[in-house]
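Chemist: Fit chain X to the known structure of chain B by using the hints.
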Amino acid sequence: DGGITQSPKYLFRKEGQNVTLSCEQNLNHDAMYWYRQDPGQGLRLIYYSQIVNDFQKGDIAEGYSVSREKKESFPLTVTSAQKNPTAFYLCASSGRAKVLTQYFGPGTRLTVL
Amino acid sequence: LAKTTQPISMDSYEGQEVNITCSHNNIATNDYITWYQQFPSQGPRFIIQGYKTKVTNEVASLFIPADRKSSTLSLPRVSLSDTAVYYCLGRRGTYKYIFGTGTRLKVLA
Numbered sequence: 001d002g003g004i005t006q007s008p009k010y011l012f013r014k015e016g017q018n019v020t021l022s023c024e025q026n027l028n029h030d031a032m033y034w035y036r037q038d039p040g041q042g043l044r045l046i047y048y049s050q051i052v053n054d055f056q057k058g059d060i061a062e063g064y065s066v067s068r069e070k071k072e073s074f075p076l077t078v079t080s081a082q083k084n085p086t087a088f089y090l091c092a093s094s095g096r097a098k099v100l101t102q103y104f105g106p107g108t109r110l111t112v113l
Numbered sequence: 001l002a003k004t005t006q007p008i009s010m011d012s013y014e015g016q017e018v019n020i021t022c023s024h025n026n027i028a029t030n031d032y033i034t035w036y037q038q039f040p041s042q043g044p045r046f047i048i049q050g051y052k053t054k055v056t057n058e059v060a061s062l063f064i065p066a067d068r069k070s071s072t073l074s075l076p077r078v079s080l081s082d083t084a085v086y087y088c089l090g091r092r093g094t095y096k097y098i099f100g101t102g103t104r105l106k107v108l109a
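In order, the protein sequences belong to chains B and X.
Quick note: the first sequence uses the numbering used here, first residue 1, plus one each step.
Quick note: the second sequence uses the numbering used here, first residue 1, plus one each step.
There's no promise every hint is true.
[Unchecked claim] Below, a list of computed lysine to aspartate or glutamate pairs in the EDC-like style, where the Cα atoms sit at most 16 Å apart:
id, chain 1, residue 1, chain 2, residue 2
1, X, Lys96, B, Asp54
2, X, Lys96, B, Asp59
3, X, Lys96, B, Glu24
4, X, Lys106, X, Asp82
[What the hints assert, rightly or not] Label pairs and their calculated CB-CB ranges:
id, chain 1, residue 1, chain 2, residue 2, range
5, X, Ser23, B, Asp59, 15 to 23 Å
6, B, Glu72, X, Ile8, 33 to 41 Å
7, B, Glu72, X, Ser41, 18 to 26 Å
Just so you know, these hints were derived from the structure itself, not from any lab.
Built from N, CA and C at the ideal position, the CB exists for glycine as well.
Extracted from the complex, chain B is given alone in its bound form (with noise of 0.2 Å):
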């Protein structure tokens, strides 16, 4: 069964804490992508990686970091250094066709206490 997964749904974390948010694709895609969404917002891109060991800053990166040390792993870390954290992310995945259609993942749900 294709798709993305992220683990975990719902994540409580203390402030000042590392916190890594886990997204696997076995959609065998070259680009996978990390969202921010808040309350009644839009999505926000924070990273993106077209292809393995390469990534791009996306529009809202500070305090977060991310890794892709394999094709169909792509996990994002919030540091501390992350003011506001509390937020619902998103993973999404997209191949190298002319037509880049993502694919997202069911989401994981951050709050800060």
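Modeler: Positioned in the frame of chain B, the structure of chain X alone reads:
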């Protein structure tokens, strides 16, 4: 596509046809127009995509005029389960997509 503009919200009744228009004045020659649907606490779901004229699939139609500066998503005979946020996507560069605030569609019984 760059920045897109669409209505913030719309209300409709069950069984009606709903049309949501998106303005994308800066569309690039090779850009496709893509629409997504999102339910609360879920990831966006691809609905439809097109380049010009009209595209239809099992859930929606997409109308694109000749100048391609706007597009209209048409949902036939909506039901309560179509209540969601609908996004018309912009794009900046090859891999950077831009999601605006979307259109919140509320379907009433």
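Chemist: Does each hint hold? Answer for all of them.
Modeler: How the hints compare with the structure:
1. Restraint check: the Cα-Cα separation between Lys96 (chain X) and Asp54 (chain B) comes to about 15 Å, which is no more than 16 Å; the hinted pair holds.
2. For the hint pairing Lys96 (chain X) with Asp59 (chain B), the CA-to-CA distance comes to about 10 Å; that is within 16 Å, so the pair holds.
3. Between the alpha carbons of Lys96 (chain X) and Glu24 (chain B) the distance comes to roughly 20 Å, so the proposed pair goes past 16 Å and is violated.
4. With a CA separation close to 8 Å, the supplied pair Lys106 (chain X) and Asp82 (chain X) stays within the 16 Å bound.
5. Against the hinted window of 15 to 23 Å, the Cβ-Cβ separation of Ser23 (chain X) and Asp59 (chain B) comes to about 21 Å, which satisfies the hint.
6. Taking 33 to 41 Å as the suggested C-beta distance range, the pair Glu72 (chain B) and Ile8 (chain X) conforms, at roughly 37 Å.
7. The hinted range of 18 to 26 Å is satisfied by Glu72 (chain B) and Ser41 (chain X), whose Cβ atoms lie roughly 25 Å apart.
This entry does not satisfy hint 3, going by the numbered hints stated previously; all others are met.
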